Amino acid sequence: MRGDERVNDVDRLFREYHEPLVRYLTRRLGDRDWADEVAQETFLRAMRQESIVSERAWLFAVATNLVRDEARKDARRRRRLELLREQARVDQVVEPEPLAIERAQEAALARKALDMLVERDRDALLMREEGLDYTEIATALELSIGSVGTTLARARRRLVDAYESLQQGGSVARGTHAAS
Amino acid sequence: MQHLDEGTIHAWLDGALADEEAAGVATHVAECHDCASMVAEARGMIAAAGQIISSLDRVRGGVIPTPTPALSGQRSLWRRLRVTPTRAALAATLLIAVASLLTVRRAPRASVAESVITAAPRMPRVAASEAPAIVSRQQALAARKATATRLSDTSLATQSPDARSQTAERVVNAVAPNPAQSAANAPHPVAEGVAGVVADRALPRAAAATAAAQTSPVSPPAGGMQVSKATADARAAAPERASSALQPRGAGVAGAVSAKSLAETNEFDGCYQIRADSASSAAFAGFPPRFALVNTTGGAPNAVRSVSAEGRIDSVILGGTWRRLTPEIVRLDFANAPEQQSLILQLAAGKVTGRASVGNRITNLLVARIECRR
Chain B
353 MRGDERVNDV DRLFREYHEP LVRYLTRRLG DRDWADEVAQ ETFLRAMRQE
403 SIVSERAWLF AVATNLVRDE ARKDARRRRR LELLREQARV DQVVEPEPLA
453 IERAQEAALA RKALDMLVER DRDALLMREE GLDYTEIATA LELSIGSVGT
503 TLARARRRLV DAYESLQQGG SVARGTHAAS
Chain A
907 MQHLDEGTIH AWLDGALADE EAAGVATHVA ECHDCASMVA EARGMIAAAG
957 QIISSLDRVR GGVIPTPTPA LSGQRSLWRR LRVTPTRAAL AATLLIAVAS
1007 LLTVRRAPRA SVAESVITAA PRMPRVAASE APAIVSRQQA LAARKATATR
1057 LSDTSLATQS PDARSQTAER VVNAVAPNPA QSAANAPHPV AEGVAGVVAD
1107 RALPRAAAAT AAAQTSPVSP PAGGMQVSKA TADARAAAPE RASSALQPRG
1157 AGVAGAVSAK SLAETNEFDG CYQIRADSAS SAAFAGFPPR FALVNTTGGA
1207 PNAVRSVSAE GRIDSVILGG TWRRLTPEIV RLDFANAPEQ QSLILQLAAG
1257 KVTGRASVGN RITNLLVARI ECRR
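Going down the list, the sequences are from chains B and A.
Numbered according to the numbering used here, the first sequence spans residues 353 to 532.
Numbered according to the numbering used here, the second sequence spans residues 907 to 1280.
Only chain B is shown next, with the shape it has when bound in the complex:
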């Protein structure tokens, strides 16, 4: 593959997968800026890759590994990706809405509930929410395909249970506070 073709291919990957990958990483990390950095690093590695079989699975797997390993960044190439990212933002004009207090509280609860999951369940769940199929999830997380369903079922149940218990705890705490 020639250099120009590779750059064009990375640009395509970026346009196609940047948004879901950043969303996945944001959900995973709880920090949009950190997620952006990890996503940049992910696409940076994609540029170095000679060939990628399962693009989405590969991108999510690399991003997940980067989160785990807190990979270093390549400043020079990240600059180019930054330009691409800015261009994508201009195209989409996605601006974060002001957060109401209730929504912020919900997000905080969801963050706590998600953090209560084991890492594999959390990654599998977030990848599934980004539309990765079972094969991609299995590839990214190095699982057997047959165990993905079980992993997702367990992850969903635990997430909902944790969220509800946190909600009830908060309600009890608020009720106690109000009573006192």
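It should be emphasised that the hints constitute simulated quantities derived from the structure, not laboratory data.
Given the structure is predicted, the values throughout are model-derived calculations rather than measurements.
The beta-carbon is built from N, C-alpha and C at its ideal position, and this holds for glycine as well.
Some hints here could point you the wrong way.
[Unchecked claim] Now the in silico label distances, taken between C-beta atoms and shown as ranges:
1) A:Ile1002 with B:Glu368: 57 to 67 Å
2) B:Glu407 with A:Thr933: 34 to 44 Å
3) A:Ala942 with B:Glu438: 43 to 53 Å
[Said to hold, decoys possible] Beyond 10 Å from chain B on every Cβ pair, some chain A residues (computed):
4) Gln908
5) Glu912
6) Thr914
7) Ala922
8) Ala954
9) Val1010
10) Leu1272
Chain B is already provided as a structure; the job is to place chain A on it using the hints.
Just chain A now, with coordinates in the frame of chain B:
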């Protein structure tokens, strides 16, 4: 067919099963009630988990600020001064607090207290009422002294004559300040005028009870302060008591003498002589050897006049005043004396006894009534 496991149900719902396997699951779910329930529950889990995860997207981006050089030169004055709404609110609050503090501190000391009574030990019930007639600090001072005297008389009524006079002295000295101090520290006239009209002894018991009902009990701990407020009705119904508070001679003892009866009894009017053979005459030489108690009208304090050796009532002794404490006891004050100087006279069975105090010293004086003329 064996029941479906949770992983298979989720995989089926996620569309991750092959067509043949998915068809088998669908058939089983349609026939198996338990598995249908599990499928329903799994659908709920998938939806709920998706909703929880989507709430994570409400995370602000751009937490790390990026400089915008094009706008840096166009910042507003407020931004350049770093005046945020929070800081502005804080500054306004501080400004208001300081202004309020200064206003309160500069206000007259007693203007707030409509009827503040400086507490004395074992105060009797004191009816508070407006005293519209008080218009000057001098009158306020007189009313204050009268109040102090009346307060002291409560305990006098149950004591021996000597004890009464001593107690009266102590209370008066404790409560009533020196005239000079009073003039300097004289509180608001209204507050002073309210300071006390004592329940009238001559009033019928029912009337006294009514007066008491209109009165807030004043029995503070020593050194404390009590606020006594009469109702507007009480103020309107007791103008006479209010005016009597302005006149020291009308000031009665708690549950004792009415102002009216006092105004009509002037048996203390007359001339007196401190006998030369009085044991302590030397120590109390500052007292006039002869004096006359003259009943003054118009609300002014009763004057004390000097009496010549020939028995002629002479000029008014400056600063000399007298007031009746009980029907049998009067108190003379000589405000212009170097030290606080007073004389208690008691009339019993036509005989006069005197008890003088100068500063902290107290002694008995022999006093006799003498004939005099104007």
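Tell me the hint numbers this structure goes against, listed in increasing order.
5, 6, 7 and 8
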